[in-house]
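Mind docking these for me? Both chains are given alone in their own frames, and the hints should help you get the complex.
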Amino acid sequence: MKAKDIAKKNQVGKNSILKEKSIVSLDSLSLTMDTVYKIHSVRNLTDTTYILRFDRNNMQFEAGQHITLGVQGDNQTREYSIYSTEKDPFLEVLIKEVDHGMVSKRLKKLSKGDVLNVDGPFGFFTIGSFPAPGKKYLFIATGTGIAPFHSIAGSHNSLDYRILHGVRYSEEAYEKEFFPNNRYILCTSRDSTGDFTGRVTDYVRKNPVDSDTLVYLCGNCDMIYEVYDVLISQGLRSDKIRTEVYF
Amino acid sequence: MKKKVAFKTLGCRLNQFETDALVTDFYKGGYEIVDFAETADIYVINTCTVTNQSDHKSKNTINQSVKKNSDSLVVVTGCMANNQKEYLENREDITYVIENTKKSSIYSLVDAHLNGEILHPADLSQNLFNFSVVEKGFHTRSMIKIQDGCDNFCTFCIVPKVRGRATSRPVNDILENIRKVIDLGYKEIVLTGVNISRYTFDNLNFENLVEKILDLPGDFRVRISSIEPEGFGEKLISLFEHPKLTPHLHLCLQSGSDKILLQMRRMYNLQTYMEIIKKIKLKYPLFNFTTDIIVGFPGETEEDFLQTVSVAKQIGFSHIHTFKYSVRNGTRAARMPEQVPAKIKSERSEIIRTLAEENKLAYRESLIGKTQRVLVEKVTSKGMAKGYGEHYVPVEFKGSSDFKNTFNNILLTDIRSGKEPVLTGKIL
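Chains as they are written, first to last, in the numbering used here: chain A, 1425 to 1671; chain B, 2 to 429.
In isolation and in its complexed conformation, chain B is listed as follows (with noise of 0.2 Å):
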């Protein structure tokens, strides 16, 4: 009898991506993979530490698994393995703890341990990019992870500790990883890192990384994930022009105002920020710029955060990823006076909230008339394809099975309204 393994992935594209080639690994060995509601014989948590609402989570879908089988085996892996590694190993409950270094040795461990043997978690091999090419993965996109770590030491941030240092995949791994999913049917590549804007390798920086990807043959798009607003040359602005890749930037804001950013130790400024905006607005309107955004930074007064309203108001991000700050034990940013008391947190929290609501709705509505390449992800049982166009906006349409994981220029004839807008609109 098979047995059966579970997967629960918290925080972000990179720990997915990492989960969804563990995925592959257990399937192609022979397990059964199992929602994580169910009863399993093994459970593998992908944590996230960056803020202390992900350790909660953490915790609490550790105790979860736990609950529902106590004689499983329950691997804890991700960033909160680097962080509170001492903690975790201390629970009786929890059967392995591997660090992000080891994550890719994962299927090997728990093989070993249902044959009998234990594997010392230092007896694995610590390689970052040793991942399996994802086959059987929880998402429709390929994420491709191209970098691991980070070296800026923003303020506010632990994960340069808990990722370690910045290091650059090998490109042609890389280019070989694409060749393999777009074989395997995958149309749209994701790429992932912590600091992708950081890629270097051979000389060849971020936007030539990209260039040598659109290059390679084959009926695929590319999403740049999220991204930092530093390294950004003309190229890559320019590759944008390119059918392949996508016009949608996750580019990081963290704050609108200058004396913010400056706190965070941030490598760019807020003109910085803006000119780039829009040198990329100008050459193609109807781009798509969706960010993160940390309110109550130590500091932050009225005014600062009115800025970075303002900001965001007059950039009309599609979308706003808000997180309150909060304190990370070894940040520069804890030992900072003037802490945000929570409920200011909270105020200015729903304040972004609400207005990126509006920002995608008024962004979508823009969209209304034009023309999408959508991917379709599922049909429904009552024929409606649903996917993504090129813009990184859901779109729906009626349409077969047969629609799925292909291309359709779809032309944006309306919009549902709720809390998640979906265009919709016919084949042309």
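Just chain A, same shape as in the assembly (with noise of 0.2 Å):
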């Protein structure tokens, strides 16, 4: 409730004292209480994704979680993982503009220095709530959702992992260079171009799962949908399947 509510109920008959004073200076306190995020870079990868690097402000967050991001004063926000690593000292999210999207046009047109809304950090899909020293993981993507493996990739050193990236297009294999050679499979399904020519799920199909591998499923509905059924059908308990779905 604002200061001049207050006085506006004060003034409608409910007899009372006014602490203008105290308000105020709460008011105050208030804003410059708020954390405030700083962009540092707008990283174009292609001509719809770029990677918004901005401060971190200490934020402690376990790779694989996300956080909701908006334009400073819009109250539009969405939700992004952070692709950045545990050990980072700033920020990164990996960002596809949407078609007429609301956000995702708005923030890449900010600057260094432009101020961002964050909440967060969020979310279950890190290996910390899943942990299984010496197990072998298979994380699956489809475009932006290589994100939070990213940001897991980079945060646990020791991971034996491998990692199933399905975009159209090889121009979509967003900075494939940081993962090790042998640890990542690009699956193009509009060329082939990439190491495998078909959608993930085909490749997931060709190439059964071990039942005892811990697979995590980042990207959109049908993908995670169409991936979860193939890997039950090969024998993987549910339990060893986390998803993370992007829209």
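Bear in mind the hints are in silico, worked out from the structure with no lab data behind them. Computed from a predicted structure; not experimentally measured.
With a straight-line cut-off of 20 Å between C-alpha atoms, the simulated SDA-like cross-links for lysine to any residue are:
(1) K260/B with S1657/A
(2) K1664/A with G234/B
(3) K260/B with V1654/A
(4) K86/B with N1499/A
(5) K387/B with G419/B
(6) K1529/A with R336/B
(7) K280/B with S1662/A
(8) K162/B with T1501/A
(9) K162/B with R1502/A
(10) K236/B with D1663/A
(11) K387/B with T141/B
Quick look at the structure:
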């Protein structure tokens, strides 16, 4: 409730004394206590995909979690997985511009020093919430669903993992050099320049997954739905599969 | 002359608990608690915003209070106070709009106001768990708040935005609270929160907490209220062997279609859910399952819906709280295509409602010939004691007024059908 509202209510017959001084000082205090997230850079990867780097402000997060992000002063926010690692002094998110999107297009137009509205971290798509020392991990992503795995792989150096990245064209293999060659498999569905031509679902069908593997799926709903069924048909137990849906 | 205060609660058990705690504050402060239908000096409306219908009901309730006494002090709190704060603050007829985090301070605010001092809501302390031990509530069961907020961000749900991040109440506070209500004479404890399955405090999870509560001395029983099918370990299932833990769960399903569960961003799929049900039923065949189902979620096809119907039949939920999906601005689902027309939502809702009634009758009939330990809530002037058995089924039997708030072993002999079928029986 703002000071003017209290005053308004005071005027309409609720007989009381207004402590205006304390209200004003509290309002000022709340402004200074807000954490400010300033943009460091916008790094374009393709015409429609970019990485936003901004202040971390000591935010403690687990690789695989997400945050909500928007332009300061705008009440529209969207959820993005954290792309940077737990060790980085900054935060990064991987964003694909959405046709008619209200947030992704606006964020791309921002520049160094602009301020973001950030909340989080949120979510349970982490290694820590599903610990299995010594186990093999298979990460399966489509498109920008690679983001949480970028964070996980960079935060847990000793992890025994392979990553399957499904895109349409190989130019969408966002910063694939980050992952060691022997761990990264690019599946391209619209050209034959990837390690595998076809969708990730096709790859998993042709290359059955060991039943003791822990599988993390991140991407669109249809991919998760289909791959999940394939994995179950190959004998994987459902408690060995974790999912994060992107819309 | 005592000031009269009236309360109205909309929505969840957590709101009910919080209202009960506020009632206690005002009662102990010398105020007269009156029915909401009466003219009062103060109206406290604890709102809900989970659906459009909830918003509508909340607004209607506020309007009712203003109509009854235009000079009254009107306090609006609850989730709508968070979600539509600006709208509510701009209404001339509402005196205070208090967010959830400051709800426990409403008594201080009102009492100060009536003594000629306005406290700015910003001055109120923020504490999600600083509610009084309920001594004077509207319920015979004592609800105990163990947790608040949610981090799951289901795509249909506004709750994380209005209740905030998941926060767990310290274990010792919970145990102390329960000891006090048992001393006050309460015999049933209902654990409440926004997402209690995510309880965690000092490396203790939900099942560890329940175990500690069950170890407390005293003649009482514990009911787990609405819970999400996540974090469900074998230990929790085993805890139902304890005579103090009632064999009933309101286990939220929402949909029987994996495709829709994914779109809802639920933390489980149908297989996981069914495994929990199977394990529990195998061990406790009469276990009572109730649930929430959302019909008409964006993209829900006839096939998806029929899967939900099939699952609901198979499990035999004895009660289904059916929600027609409604758009909540600020949630992901609000921006999803393929919104389902209202007419189809209503048709699907009616199918679930009919099924739920059939299930309810069938479940209660299956208990005839069995015994229930009934906690009597009231005794009518005609000498009928009414209460609930441990399986959360309503039971009536002949009894006198001194039966109130006592446990009685009742052999169930018959059922009185109707919209709410009631089991009848006799004392063993």
